[in-house]
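Q: Given next are the chains, with one letter for each unit.
Number of protein chains: 2
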Amino acid sequence: MAKNHITLFYDVVSPFTYMGLECLGKLKTYYNADITLEPFFLGGIMETTGNKPPAAVPNKGAYMKLDLIRYAAITGVPHKHPSMFPAFTLPTQRLLRVIKAQEPDRLHEASLALARAYFVEDRDIGQPAVMVSALEFLGKGRVQQWLDVDCKSPKIKEELVAVTKRAMENGCFGSPWWEVKRGRDGKEDKYFGCDRFEHMAEFLEVPYPGLRAFTEYPKSKL
Amino acid sequence: MAKNHITLFYDVVSPFTYMGLECLGKLKTYYNADITLEPFFLGGIMETTGNKPPAAVPNKGAYMKLDLIRYAAITGVPHKHPSMFPAFTLPTQRLLRVIKAQEPDRLHEASLALARAYFVEDRDIGQPAVMVSALEFLGKGRVQQWLDVDCKSPKIKEELVAVTKRAMENGCFGSPWWEVKRGRDGKEDKYFGCDRFEHMAEFLEVPYPGLRAFTEYPKSKL
Numbered sequence: 509m510a511k512n513h514i515t516l517f518y519d520v521v522s523p524f525t526y527m528g529l530e531c532l533g534k535l536k537t538y539y540n541a542d543i544t545l546e547p548f549f550l551g552g553i554m555e556t557t558g559n560k561p562p563a564a565v566p567n568k569g570a571y572m573k574l575d576l577i578r579y580a581a582i583t584g585v586p587h588k589h590p591s592m593f594p595a596f597t598l599p600t601q602r603l604l605r606v607i608k609a610q611e612p613d614r615l616h617e618a619s620l621a622l623a624r625a626y627f628v629e630d631r632d633i634g635q636p637a638v639m640v641s642a643l644e645f646l647g648k649g650r651v652q653q654w655l656d657v658d659c660k661s662p663k664i665k666e667e668l669v670a671v672t673k674r675a676m677e678n679g680c681f682g683s684p685w686w687e688v689k690r691g692r693d694g695k696e697d698k699y700f701g702c703d704r705f706e707h708m709a710e711f712l713e714v715p716y717p718g719l720r721a722f723t724e725y726p727k728s729k730l
Numbered sequence: 509m510a511k512n513h514i515t516l517f518y519d520v521v522s523p524f525t526y527m528g529l530e531c532l533g534k535l536k537t538y539y540n541a542d543i544t545l546e547p548f549f550l551g552g553i554m555e556t557t558g559n560k561p562p563a564a565v566p567n568k569g570a571y572m573k574l575d576l577i578r579y580a581a582i583t584g585v586p587h588k589h590p591s592m593f594p595a596f597t598l599p600t601q602r603l604l605r606v607i608k609a610q611e612p613d614r615l616h617e618a619s620l621a622l623a624r625a626y627f628v629e630d631r632d633i634g635q636p637a638v639m640v641s642a643l644e645f646l647g648k649g650r651v652q653q654w655l656d657v658d659c660k661s662p663k664i665k666e667e668l669v670a671v672t673k674r675a676m677e678n679g680c681f682g683s684p685w686w687e688v689k690r691g692r693d694g695k696e697d698k699y700f701g702c703d704r705f706e707h708m709a710e711f712l713e714v715p716y717p718g719l720r721a722f723t724e725y726p727k728s729k730l
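Protein sequences, first through last, are from chains U and W.
Counting with the numbering used here, you get residues 509 to 730 for the letters of the first sequence.
Counting with the numbering used here, you get residues 509 to 730 for the letters of the second sequence.
Be aware that one or more of the hints could be misleading.
[To be verified] Here are the computed lysine to any residue pairs in the SDA-like style, where the Cα-Cα straight-line distance is at most 20 Å: (1) W/K698 / U/R578; (2) W/K568 / U/R578; (3) W/K534 / W/H616.
[To be verified] Label pairs and their in silico Cβ distance ranges: (4) W/G584 / U/G551: 36 to 46 Å; (5) U/K573 / W/G533: 40 to 50 Å; (6) W/G584 / U/H589: 30 to 40 Å; (7) U/D542 / W/A670: 18 to 28 Å; (8) W/G533 / U/E644: 51 to 61 Å; (9) W/G551 / U/D630: 19 to 29 Å; (10) W/K536 / U/P662: 57 to 67 Å; (11) U/A570 / W/G551: 45 to 55 Å; (12) W/A570 / U/R692: 17 to 27 Å; (13) U/K573 / W/K534: 48 to 58 Å; (14) W/K534 / U/E677: 55 to 65 Å.
[Claimed, not checked] From the derived model, a few chain W residues whose C-beta atoms are all more than 10 Å from chain U: (15) K534; (16) G558; (17) E611.
Because the hints were derived from the structure by calculation, they are not lab data.
Note that the Cβ used here is the ideal one computed from N, Cα and C, for glycine as well.
Could you build all of it, start to finish, from the sequences and the hints given here?
A: This is the structure we're talking about:
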């Protein structure tokens, strides 16, 4: 069967993006898909599209927290609302673009490490020292060098802007944003958030395995 | 097994509410639940909570239309975006409160008839003549009388305000809003929209049958 393709545009500041990153390995397997990761800057998207975070409406913000707790129980993915929310992830997302260039095969691992530092360990991932420590497995000196030099290059800055703009032109208004191409006929579709995996399965003509199947974490009851 | 209970707070102006009303019969069966319907006024909720309709952000509005088309394919529920959107449903929701009092067993049927008139037949359900015609099965003269007399009574007006307020106090910020009580232990949970049926199944400890199973309409491929 022809391989499908999923492109994930994301910013690690968003809790449902963290959820998506945790589900990505299984998604790749169940949905017979190659994955491309595209770090972008959510702050720019909110500003340009005029979208507001859920917490701008208090009942909506409270519901989102309830919803995340339920997702955590069903998938087993840990969730703790960060004390510093939202973190300023412009430097973080630039760093992820550098990693995409320098260590493309470790971009998922690096993104997950940053998202876990934020949503599990409650560390401010906008801070260089936190990024260096969370990404220690890539070499402290190298990450520091990327932050000090590469992240400040016009090339990386412009690339982050360009990818963010491209997502918005494709209809994006938040993170995570999934662009999916069906292998069989090249047809494309796009999804926002972490609550359309069943629709994505329908589109890709694969069985939907249910939310519980997307991670190997121990699950709990609601 | 002890029966579960689902209370649906709703306004027929919302497309995902129409979707929810079409799924309600199967939900009742699969989720072993008694259902209580509570018509409220969404306009009041948007105003009081400060929530904005998705279309306030153009990319979000466009995504919602795409999402509705996918839901329509998967569930088979027809969907046509009404030319008059949003309709002014204050009189419509008052009429549904009268029907809840006068013909409680036909409230689901009446709500569906109004929602279908709006989302399938593209008729402005804020208009008395459209309501009378869509609800002909309850007797034209009776519906006209309800509109002319009962809907204008302080009792009905106040009841609609009170139910709307109650939903907001419980955390509601939009329609449909589901309040669910688990029969086994009386534990309660609440959900917004039509995309948490799997979570609801987890909470009620029943198998999730998949979106396609919620209606008897012929389905199509994405």
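Q: Are all beta-carbon distances from W/G558 to chain U longer than 10 Å?
A: W/G558 is in fact no farther than 10 Å from some Cβ atom of chain U, at 5 Å.
Q: Between the beta carbons of U/A570 and W/G551, is the distance compatible with 45 to 55 Å?
A: At 21 Å between Cβs, range violated.
Q: Could you say whether the range 17 to 27 Å given as a hint is met by the Cβ separation of W/A570 and U/R692?
A: Given about 26 Å between the Cβ atoms, the range holds.
Q: Tell me if the beta carbons of U/K573 and W/G533 are separated by a distance inside 40 to 50 Å.
A: violated, 32 Å
Q: Can you tell me whether the CB distance of U/D542 to W/A670 sits inside 18 to 28 Å?
A: For W/A670 against U/D542, whose Cβ atoms are near 54 Å apart, the range 18 to 28 Å is violated.
Q: Taking 20 Å as the top limit, are the C-alpha atoms of W/K534 and W/H616 close enough?
A: holds, 13 Å
Q: Beyond 10 Å from chain U, beta-carbon-wise, is W/K534?
A: At about 16 Å from chain U, W/K534 clears the 10 Å cut-off, so the statement holds.
Q: Holds or violated: W/K568 with U/R578, Cα cutoff 20 Å?
A: violated, 24 Å
Q: Lying within 30 to 40 Å: is that true of the beta-carbon distance W/G584 to U/H589?
A: holds, 38 Å
Q: Has the given pair, W/K698 with U/R578, been kept, meaning a C-alpha gap of at most 20 Å?
A: Given pair W/K698, U/R578 holds - Cα atoms ~11 Å apart, limit 20 Å.
Q: Regarding W/G533 and U/E644, is the given constraint of 51 to 61 Å on their beta-carbon distance met?
A: For U/E644 against W/G533, whose Cβ atoms are near 55 Å apart, the range 51 to 61 Å holds.
Q: Within 48 to 58 Å or not, the Cβ separation of U/K573 and W/K534?
A: violated, 29 Å
The structure does not agree with the numbered hints 2, 5, 7, 9, 11, 13, 14 and 16 stated previously, though it agrees with the rest.
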